[in-house]
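J.: Each chain, written out:
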Amino acid sequence: MNSIPRIDPHAANRGFLAASGRKRIARGRDLAEGEAFTASQQSAQHQLPQIVIKDPKEFVLVCLHSREGTLSNLDREVLYVGRVLAGRRTDCALTVIVFGDLEIDMRQHGADRVIILKDDRYTGYNQEEKLSALEHLIDKLKPQNILFGESAEGDGDLARRLAVRQNMSIAPGVIELDDNKVRRFCDGGWQQGTHELTDILILNSGTAEADFDFETQALMENKLAQIPTKASTKEPANASKVLQEMMRSLSANEVPLEEANFILSGGNGVKDFDKLLRLAKAIGASVGGSRVVVDDGKLPRECQVGATGKTVVASVYIAVGISGAVQHLQGIKDCRYVVAVNLDESCDMVKRADLSLICDAEEWMDSMLELLGEESRKSA
Amino acid sequence: MKAIILLSLARHPLSGKIICSPNDLRALSMMSSMMGSTVDAELKESSDGASNGASNGASFELKAVHAGDPNESVMNEYLGYGLPAVDVIKTKKNEDPCPKLAKYLQQEKPQLVVAGMQALGGWGSGLVPYILAEQINYPLISGTISVALQDGQYNNDEQLLCSQYLPKGRRRDFIVAPPLFITVHLRAPNKPQFVWAQQQQGEIQKVAANANANNNVKYKKYNKSDKSSIQLTDNWDLAPADKKRSRLSIRSNRSGFERMQRAVSLSGGGGNIVKDGSVLEKAQITYNMIKQNDVYSEKK
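From first to last, the protein sequence lines stand for chains W and L.
Sequential numbering from 126 applies to the first sequence in the working numbering.
Sequential numbering from 820 applies to the second sequence in the working numbering.
To be clear, the hints were calculated from the coordinates, so they are not data collected in a lab.
A virtual CB, placed ideally from N, CA and C, is assigned to each residue, including glycine.
Just to be clear, a hint being listed does not mean it is correct.
[As the list claims (entries may be wrong)] Partial selection, computed: residues in chain W whose CB lies under 8 Å from chain L:
#: 1; residue: Gly-212
#: 2; residue: Gly-331
#: 3; residue: Val-367
#: 4; residue: Glu-488
#: 5; residue: Met-493
Using the sequences provided together with the hints, build the complete structure.
T.: Written out as structure tokens, the structure reads:
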């Protein structure tokens, strides 16, 4: 008679424990008989699938430059594409060559093997040295594809040098790719070319989601990282002409806001903008502002950060008295470390920020100036 | 000092018309400011009366070259931006311009070759400077935003001071002994002035690049039969551009619910919120943070 199975909503094993620690009920996700809601269950649910490649026969290479120990969004996309290309073959590992230091966990970035090259000879614009290191590794690993990002740090530059030197096929400015085809725009964006995967791929941003929902091994290849110095005494004729190479950073008031590395931004919570400018000068930050203060004429239009203003990519962004309208948050989405100084703990900027200080903007600026004065007196 | 600028033609992104390439105009603008400062220095020298024959004379010669159709009328426009003449090497449609350009550069022996980052028409791969630099054996610095001539600090020859663009307000300066090949970054100022009279005075010169070609040019043949054809478009399927793009992603076999749950658990939390303590303590926290992040620069 009772053909339809009934579910008892009050049964002890009904539902499951969500990540937040609350009991949730959803179809087909009940606990097994006799199982209890425990913390171990919660962690099991978070376990990401592991990708383990024991003895790789084939390789896909990704080559990138780190900056301040981290990777850019474009780098993450390139790594994701590399992982996908490696994943469509058996026993194929994604080997990542990083020029510079790395502080992040590469297991969460799809790398099966990691080669870190941070010798002195790879610092600066030493493209010839980097090229010979790459040539050495390519010779050792015989990769299927070598991926680069079209980044401003010189990855695309290196890729083109490599293609010309090694006579490899190359697809620059790739905008879309799948398992066997790449697509790029040409003729000023009026035409597109499609081709099977080339040896070298230079990816534009926006080719992949970079949503790593798996974990890889990221084994360090310290042995491979030992690149022999060039044995041949015959220097290429085009190597030794650079007499001097220097790095410099533009001072905070010279840097366009879009490029600035450190921004102090003021919003409606700030009354005294002279003080804000003084503080910015004291800590060496560029000055930004929210739409309201720019509309009020307290800061020039060039300073506006957000959807109608500028999109900034600072390493450190301090938002003083900015509550965080969606448009403003959109403008700072690529900032690495955001500090919110605000009286309202529940505002959106505090939710976005990595560090939030709940206090009055004016008082905070006074204390900062006081502190900086003290510090400079100490050092003097 | 002799500099050669490589010119290309672009396709306008909206109208599709053939235009002067904005990237090459940046290079041209960089060259004319360099030339201007050199000419100023020369004038100053002559007004000082220091006209002894021993002075190495900061004469500056700028030539421009384009490989393509010599009858293309848009090339005339470049003349208006201050070039007295443009050499055009005739190439067929879809012909690789690199061998002829390499031969031309080999003949001319410039101290400086300047090009835009990449062409905004044609294949636009940004490879031509690399191929040419390799063939004529010049060092190449990509993405420069300024270049200047300076007197030798290390020896008596002229030297080039050029700075390369790097993101986040960083620049890398080089002092280089010529010859040098540079490409000009998109952030370099693009403000050349178009003067109609200059356009009328200027002239397009057809040149044959293979005349008296130096046989030392080693041009790597990109063999089409093996898969290493570098920038030839032959193996590529060309079609009108489809602006739609789809992002590559691994198809997840987990349910929507699981993905949703993961997204929720990842986005939760937020940063460190400091509520208690005096304002001075909070300022100290900020100060420590900016010290830690290595962005604090002492006031000069």
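J.: All hints, please: hold or fail.
T.: Hint by hint, here is what the structure shows:
no. : hint    : in the structure
1   : Gly-212 : holds (7 Å)
2   : Gly-331 : holds (6 Å)
3   : Val-367 : holds (5 Å)
4   : Glu-488 : holds (5 Å)
5   : Met-493 : holds (5 Å)
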